[in-house]
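Colleague: What follows is each chain in one-letter form.
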Amino acid sequence: MSKNNRITKNIKSAIFYAIMFALSLLWLYPYIWLFLSSFKPWDQIFTNFIPTYFTSKSYSFILSTADQLGFPFLLGLFNSIFISVTVTISVIITSAIVGYAVAKIKFNGANTLFNFVIYQMLFPGFMFTIPLYVTVKTLGFLDTYAAMIVPSLMGAWGVFMFAQSFKSIPNDYIEAAKIDGANVFWIVFRVMMPLNRATASIVGIFTFIGIWDNFMWPLIVIQSHNKMPLSVLLATFSQSYGVYVGPILAGAVIQTIPMVLIFIIFRKNFLQGISMAFK
Amino acid sequence: MKDRIGTLKRVENTKGWLLSSPYWIFAGIFFGYPFVWLVILAFSKWNFISSPNFIWFNNFLKLIKDPMFWTVTWNTVRFMIYFLPMILAFSILLAIAFQKAKYFRTFFAMSFLIANVSSGVAYSLLFNQLFSANGPLNSFLYDNFGISIPWFTDPNWAMFSIALMVTWKFLGYYALIFLSGLQMIPRELYEAAEIDGANNWTKFWKITLPLLNPSMVMVLVLAIGLSFGIFTEPFLITGGGPLNSTQTFMMVVYTDAFEKFEGGYAATMSIAAALISFGFIILVRKLMERKVDFS
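Residue numbers (my numbering), protein chains in the order written: chain A, 1 to 279; chain B, 1 to 295.
If you are wondering where the hints come from, they were derived from the structure by calculation, not from laboratory data.
On a predicted model such as this, the values are computed, not experimentally measured, just so you know.
Check each hint, because a few of them may be wrong.
Below, in silico cross-link-like pairs of lysine to any residue (SDA-like), each with a Cα-Cα straight-line distance of 25 angstroms or less [as the list claims (entries may be wrong)]:
hint	chain 1	residue 1	chain 2	residue 2
1	A	LYS12	B	LYS169
2	B	LYS169	A	ILE45
3	A	LYS227	B	PHE258
Which residues of chain A face chain B? A partial, calculated answer using Cβ under 10 angstroms [what the hints assert, rightly or not]:
hint	residue
4	ILE7
5	LEU34
6	ILE97
Think of the CB as a built atom: it goes at the ideal place given N, C-alpha and C, for glycine as much as any other residue.
Let's have the full structure, built from the sequences with the hints guiding it.
Modeller: Below, the structure written as structure tokens:
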């Protein structure tokens, strides 16, 4: 390769990386703006990108003043964590057990169950919003935590993911555990689960994010402010106190941070999961 | 011996049913029961309190005559006209860039993907401020080009602005789907094409794009499904306006059911949305899906 050629190649790759960094920053810009703005004095939110000084006024407003106005954000944060964690744990446990039954137990309902799970996934979730509301109302769950938790405790997608992943595990592992006298639950959680950690974390991450992010459903079934998850509480607050831009942005930061943290901690599983879910 | 195998089989059978029975019961309550109600509601007039009134196909007749139904259908189609070409072109380009990048690949992927975990409520409130009349985007445009854009206040712009937000959120995710599609294309194909004297442009159109077909169909199916479920963005930012230009199916389902208390009609509307989205998905599959052979 001639010297000239190498120089053009270097320039080309420098331009490529410059563009990629610029685009990455552009994509991160909304987050950066949000984060900086939540610490800005209120009159500088729209005037300065970097404020003359930082203040936590927005946070103290959203965490204490808003509380006195009837919007308990700390409680909302607790509600969101409680609901999302409960559902996530339940989905992982139940999906693993049912997925194991589908993939590894030869019983005459295994195929039916697997087909049923696929059938369930065909329907878009929004189609069931109204009839599910009727169901939850019939059960007397309206305006309780149960309305947000119970309908999501098990899911077709989780069962499908675990069943697919368990199918690729050789039966020898199970036979060996059986000879050692292990029961089904021991096999599922002590043998299969460690071998399918990637699946478990993907099902967990996506379930957690889905519940944390859910807005329409809790908006429909919850009326009391003290039972609302952060998403609905923040939306309701912004509809009555829309002029308080700083506190709203601070609330948005509080609602976003757990998801960003989970994303950063589990980034490897996340990337793996996306390529795995689409193969 | 035969007897023992028989017993073993029976034991496995019982075990299978025992382990899967909670799921069957759960699905009966939270899938089967709502499913029955969905059918009942589609043929009834009901305000959630008195008993449902059976009205045959009147909900569907009402739907066809309802101008709002046609408005939301058109709005959703408009959203897809903005969103689908934009997200498809950009996510393929980004996937190619990801593949080209030898260094910082994880950093680039992270920067684009982190938008995807932003919560619907938080990012709607955030973009509402970013795109507001005196927000940072408009002051940038005004300072540099002397223009400002009525992102959410002009009926011609509002849906496009929502499409931009959704593109911001999903670009990285779809680019990764395309990246895993790109990585399945064998290198030898490109090498063979180079020997035949093909340039980058020809390689892209003759090799990359045709072989990305499965990923393309998958992204389109996901993006169409998403287009019909949009709720949070218009609910929080525009409230469906200006002039109903950002009303979506889910917005109308929500207002019909929980503000006008027409449960039956709202359920019919959600069935219609699902059917139309199925229609688009089938159309995409028929028009685009090709059998791809990598050898």
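Colleague: To test your reading of the hints: which numbers does this structure violate?
Modeller: Violated: hints 1 and 4.
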